[in-house]
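Asks: Chains L and B, in that order, are what the protein sequence lines are. Using the working numbering, the letters of the first sequence correspond one by one to residues 2 to 303. Using the working numbering, the letters of the second sequence correspond one by one to residues 16 to 570.
No lab work stands behind these hints: they were computed from the structure. There's no promise every hint is true.
What the hints assert, rightly or not - Keeping only pairs whose Cα atoms sit at most 27 Å apart, straight-line, the calculated DSS-like set for lysine-lysine is:
| id | chain 1 | residue 1 | chain 2 | residue 2 |
| --- | --- | --- | --- | --- |
| 1 | L | 213 | B | 40 |
| 2 | B | 338 | L | 213 |
| 3 | L | 37 | L | 213 |
What the hints assert, rightly or not - These stretches of chain B come out as covered by chain L in the derived footprint (C-beta under 8 Å, 3 or more residues):
| id | region |
| --- | --- |
| 4 | 35–43 |
| 5 | 275–285 |
| 6 | 547–559 |
C-beta: ideal position from N, C-alpha, C; glycine also.
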Amino acid sequence: MRWVVPEAEHMAEGTLGCQGCGGALSMRLVLKELGKDTVAVLPACCWSIIDGPWPVHALDIPVLHTAFETAAVVATGVKAAKEIQGKDTTVVAWAGDGGTFDIGLQALSGAAERNEDIVFICYDNEAYMNTGIQRSSSTPTGTWTTTTPDQRPEARPKKDIMGIIAAHRIPYAATATAAYPEDLERKVRAAMAIKGGMRFLHLLSVCPPGWKMEADQAIEVMRRAVRTKVFPLYEIRNGREYTITRWPDDLPLEDYFSLQGRFKTLLEDEAMLELVRGNVEERWQILLDRHQRSHPELAGAE
Amino acid sequence: MSGLEHVDDYPEIPVSLASTSTILKTGAWRSVRPIFANRMAPCSAGCPAGVRIPAYIDDIKEGRLEAAYATVTARNPFPRITGRVCPHMCEDNCNLAITTGEESISIRSIERWLGDAGMDLPDPAADAETGKRIAVVGSGPAGMAAAYYLRRTGHEVTVFDQRPQPGGILRYGIPEYRLPSEVVDEEIARLESMEINFHNNVALGRDFTLDDLEAAYAAVFIATGAGQEKLTGIDGEGLLESGLDFLEAANRGTATLPGPRCAVVGGGNVAMDVARVLRRLGADVSVLYRRTANEMPAIAEEYEHAVADGVHFHWLVLPRTIKKDGAQLRVTVEEMWLGEPDESGRLRPEPTGVTCEMHFDGVFSAIGETADTGVFPPRLRNDDGWLDLGEDGETVDQMVFAGGDLATGPATVIEAIVAGRRAARAIDEQLGFSAVWPAEEPLEVVPPKDINLTYMPHHDRSDDHAAAGATAPASFAEETDTLSEAEILEEIDRCLSCGHCNNCGTCFVFCPDGAIIWDDGPRIDHEFCKGCGICVAECPGHVMVLVNERDVSHA
Ligand SMILES: Cc1cc2nc3c(=O)[nH]c(=O)nc-3n(C[C@H](O)[C@H](O)[C@H](O)COP(=O)(O)OP(=O)(O)OC[C@H]3O[C@@H](n4cnc5c(N)ncnc54)[C@H](O)[C@@H]3O)c2cc1C
Ligand SMILES: Cc1ncc(C[n+]2csc(CCOP(=O)(O)OP(=O)(O)O)c2C)c(N)n1
Ligand code: SF4
Ligand code: SF4
Ligand code: SF4
Ligand SMILES: [Mg+2]
């Protein structure tokens, strides 16, 4: 195999993810590095379903299903219990964007502020997919969802969750996507290597039915999100040191949007497209600036 | 641990202990199914011999030299030779070049490296002796290939040639600096070590007849080539020297220069070889060609080499008369212009009536060759004087086959090899040995639109580089070096492995359902595969295809 990705599987076949589910793929790849000595806490989200109905479930590790708003705090409690038992088990809160950006935010902020020894992973499909594609605060400007229909597509920009997390000064936070598996696996290893504090991974995770696209383009679409700067890949150490881990190229934004039916009206709305282009570029410049300030030794080099 | 007893009062939490795979057979969701398709890479399709290029490339990458060599020799026994002189039709078809505009994979260089690296490997042992005796007439690449495969089947094979040593044009035509005689010697030695018999200095039509052979052998393959220089129609034809004879003399080391200023008439590969050999002997050389560089039949690479060697090219000139003028030859040439395209699609040269004169010490003809079919009984010939042959080279005599330049007119080494192999197979079929040959089902070719370029490293192509000691135009030493193993491995990295699974693992990594099982390579678990098609879309060489589930379940 050409890929530096572990062969061992900790996710069984027969999950209830849709065809081409990025959330399922993210879990499968992340577990390869987390390994079996892990407990996962799932708030209400697609993954509550993907893992299978009682009496079966898909993961090789214990999974606790919990309430929508509680992923971080339940994970904190499980970690405390494991500590009492004298075990070094990795405890992961695995939440959707709703359970992270929206209703889960106060618990997440609390855990981050206390620097709890957990790994919080958000698989971000940019809407409430489990309940039928409603917008969340992660839904980007110009997106169609059932609550932001074509007549009134999402107007607000995607919430800057990484900025919020960075503001908590936790030891490690990173963005990643399954379209770059080696980058993803390395970030999981980096998160594992930092014990005793809060780690946060933000994974862009395609949802073919919710994004209104062909399932076989699932990897390509996530790759294009990175190439077009829509979803840059980077890490933040201690809330201050930014490192871009994959450089985008000149792929036009439209090449990302055009694969997805949810951007159909955006592609036809030149003014909104300009706004989005401005947002993407502005966020990229801020990131680039932080990267450069974190790496004065690399000045001039990309 | 006191104080935690209250936990016992909690209602029991439902716990799932069995795996989803026990009851959720998600394969039933599928409407399309990925399957490993047996498809052909376009490079292989472009190769007249259909050599499975990505398969041997994969073997080389994995260090399986013997397997790589066996893959090539299953269709082309002489990679050392074609790896040096083949016009590499495979490379023209490379999907990588077509889709990216980057240069194609340097397939010929890889083949050359493999030929050299595999030189000392044992050839597959011949099957048990069949007791059948087969005669091959002509020891060029067509005869050599036929002998090689017939011997592998276990027949006793004897190769007859009128020349003192075997090899045909490989030895007596192609110049030393492009194909060293050492390489030809070693390839012939390989054939001898397989116990193929060579009888040299014996000519069909002079020392024996076809009927003699048919009486003594179970089958006969004739591949006597196209060794006759065509007449130029120039007034003063007798003053021209034969390009082919000159190249043969050069290969024997007996060529001499008629004088310091020479001309070569023609624009094909023979013309390029004659011109370049003349340069190496120290002459000032002009090629006289009636069309322009665009229409020249010579391989572009050979033309570039000739230019680099300092050969002058005179376009749009047609020699009309040659006369002695003191110690020199006075050549009257007519200037031409290009008219409408002819049957070959090239612009036709039309006379202008304007003439001029040029002086040379020697003028060589190299306008094309034809076959001498006079030695064959009339029943084998058709009205045009060529042999009347079926697709596999069969003649009216059931056990007599023919092929190579003799059948096609001047072609290429690899086409001669293909003719030899095809005839060997046809002979085996006649003799009842078809089981030793692999089935040949027609395969669909992987089209450029199918491949995924995401995972290929973008680095420059490596070509055979100029050999240090062989700086033109003085030397006859081989002009290029075989690439090093490291260079070959780097070059191989660029190949997308179209239609051939090289176990890259991409499908395995990206399947969201873990439905690709990795046992030394990918296996699709159709019990759970949901048919998302990611594996098919991401596989760099598009080894898999999606088929409609109904077509397979109800097949
Ligand atoms: C100068 C030159 C350069 C070329 N360069 C290239 C190149 O770079 N790449 C490429 O792919 N192709 C090249 N070709 C073409 C290629 O060499 C031929 O297509 C190929 O050799 C044909 O193989 P063959 O076995 O049919 O015939 P040949 O190679 O011509 O062999 C025929 C053999 O039959 C023998 N023979 C003839 N008559 C009799 C008889 N009556 N009795 C017994 N034996 C007889 C001859 O002595 C000869 O050994 C070149 C050709 C020439 C002339
Ligand atoms: C308090 C509460 N409100 C609403 C719900 C209904 N609900 C279940 S999952 C979900 C949306 C989840 O969205 P997200 O977190 O983005 O995960 P996804 O389904 O997209 O993977 C909602 C609204 C709930 N379970 N609990
Ligand atoms: S990329 Fe490789 S397999 Fe594909 S056509 Fe080119 S050489 Fe052949
Ligand atoms: S990626 Fe997996 S689920 Fe999708 S078609 Fe291929 S094997 Fe089936
Ligand atoms: S992706 Fe790689 S391992 Fe999978 S089928 Fe294609 S070549 Fe084989
Ligand atoms: Mg969501």
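Asks: If a hint holds in the structure, say so; if it does not, say that too.
Replies: Each hint, compared with the structure:
For the suggested pair residue 213/L and residue 40/B, the alpha carbons sit about 25 Å apart, so the restraint of at most 27 Å is met. Proposed proximity of residue 338/B and residue 213/L is contradicted: the alpha carbons are some 81 Å apart, above 27 Å. Of the pairs offered as hints, the one joining residue 37/L and residue 213/L is violated, with about 34 Å between alpha carbons and a cut-off of 27 Å exceeded. Figure legend: the region 35–43 of chain B, annotated as covered by chain L; annotation consistent (7 residues with Cβ-Cβ distances under 8 Å, at least 3 required).
Coverage of a stretch by a chain is defined here by at least three residues with a beta carbon nearer than 8 Å to that chain's beta carbons; for the region 275–285 of chain B and chain L the count is 0, and the condition is violated. Judged by the Cβ-Cβ criterion of 8 Å, the region 547–559 of chain B is covered by chain L as claimed, because 6 of its residues qualify and three suffice.
In terms of the numbered hints stated before, the structure departs from hints 2, 3, 5, listed from lowest to highest.
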